[in-house]
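Asks: The lines below spell out each chain.
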Amino acid sequence: MQAKDDAQASWHEIVLATFKSNEVKLVTYVPDRVLTPLIKALHADRYFTCFATAREEEAVGIVSGAWMGGTRGAVLMQTSGFGTLANALASLAVPYQIPLVMLVSERGTLGEFNWGQALVARTMRPVLDSLAVEHHTITRLDELEFTVDRSIKQAVATQAPVALILSPLLTGGKVFKA
Amino acid sequence: MSATDKGKSTSAGLPARSGNAKVMNRTDLTRRLVARLKREEAVIGGIGNTNFDLWVAGQRPQNFYMLGSMGLAFPIALGVALAQPRRRVIALEGDGSLLMQLGCLSTIAAVAPANLTLIVMDNGIYQITGGQPTPAAATTDFVAVAQGCGLSSSAWAADEEDFERLVDAALAADRPMLIAARIDDKPGAGTTLRDPVQIRERFMRGLGVRGA
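Each protein sequence line maps, in turn, to chains X and U.
Going by our numbering, the letters in the first sequence line up with residues 85 to 262, in that order.
Going by our numbering, the letters in the second sequence line up with residues 669 to 880, in that order.
To spell it out: a stretch of chain U is covered by chain X in this simulated footprint if at least three of its residues, at any positions, have a beta carbon under 8 Å from a beta carbon of chain X; those stretches are: (1) 724-736; (2) 744-752; (3) 775-789; (4) 855-869.
Cβ pair distances, simulated, as ranges: (5) X:Ser105 - U:Lys854: 48 to 56 Å; (6) U:Arg878 - X:Gly195: 44 to 52 Å; (7) U:Asp836 - X:Thr193: 49 to 57 Å; (8) U:Ala840 - X:Thr193: 50 to 58 Å; (9) X:Ala170 - U:Ser821: 33 to 41 Å.
Source of the hints: derived by calculation from the structure; they are not laboratory data.
Where a beta carbon is used, it is the ideal one built from N, C-alpha and C, also for glycine.
Throw the hints in and build the complete structure from the sequences for me.
Replies: What follows is the structure in structure tokens.
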């Protein structure tokens with residue numbers, strides 16, 4: 085276990101602090117229920133430029149452009165949103181060698197109630213693997229800071245995209261109330 | 669207008685949706701645009717003929733050429749504009765590409781970077797795939813769409829001189845706008861060298877992000 089104050093920080097506080105310590109200043113997103121506390125905190129912090137886009141591809145384009153202009157960014161999305169990104173990854177982020185940081189709230193598993201979410205979620209890791217995009221599924225709070233911090237640093241150093249998948253084991257996920 | 673409006677693709681209803689705008693030529697307009705850039709403005713060229721003509725107009729280090737990700741020229745330009753607020757950024761996009769990502773006009777209107785100019789080259793067809801009309805060809809006015817999204821100073825270029833005037837106005841504006849130009853069905857006048865890493869690295873040097 086990490087220090088007590090770390091253990092008490094919530095997952096979204098850790099993500100925000102780790103973005104800041106890595107100078108990730110621009111965050112674009114298509115919202116997700118689980119990501120809501122992170123999105124609210126990013127909007128409330130003047131360090132960040134944070135806004136919603138109409139589609140995840142658009143969010144990827146914006147962060148890619150910002151990287152080329154000298155500003156680090158990250159894209160927040162849900163698994164179903166990742167499902168729209170194969171072409172943007174295969175024809176922009178990967179071949180142009182852009183350190184695109186993707187934070188994906190994982191739906192479709194560990195208590196999913198929507199069949200479509202369960203199905204699209206199964207396409208995510210095969211797409212990432214087929215493009216050899218680094219990805220990590222984060223299940224534990226005590227591994228979150230290390231994984232996010234090192235992944236951002238590796239993305240920048242190797243000029244390659246990375247996907248950080250936030251498991252319901254970490255976030256609690258979206259719960260179906262029967 | 670009648671003299672240049674003889675291509676079968678551009679007769680598919682364009683006059684009704686773009687007023688009296690003259691049908692111009694993409695290569696010519698891109699050259700006119702580049703000739704007006706004196707302050708190391710960044711230019712993002714959309715997939716296909718749009719960036720081919722940007723390549724032909726002069727390979728400035730501040731040009732970025734898209735070899736894929738159809739529809740992302742405006743979003744990429746928005747990112748560059750946010751990262752470099754003191755540099756003017758221009759995005760060149762085709763009408764078919766813009767149709768893929770119309771939602772970005774709302775995003776750009778909401779974020780409203782003062783240094784971003786959007787240009788759409790509208791021939792009503794997917795020229796590069798065989799000239800098929802777009803679903804927008806007969807019915808959609810891209811300037812009206814942009815205005816409806818909140819880019820209120822967007823305008824059609826009536827002719828080449830008007831295009832240059834609009835570019836000058838956009839480069840001095842304090843809000844983003846879209847300039848739409850009706851163009852003919854000619855292909856690009858060349859082909860961009862397809863090396864994405866070299867394109868990206870050169871662009872970053874051109875923007876001063878990388879050392880020489």
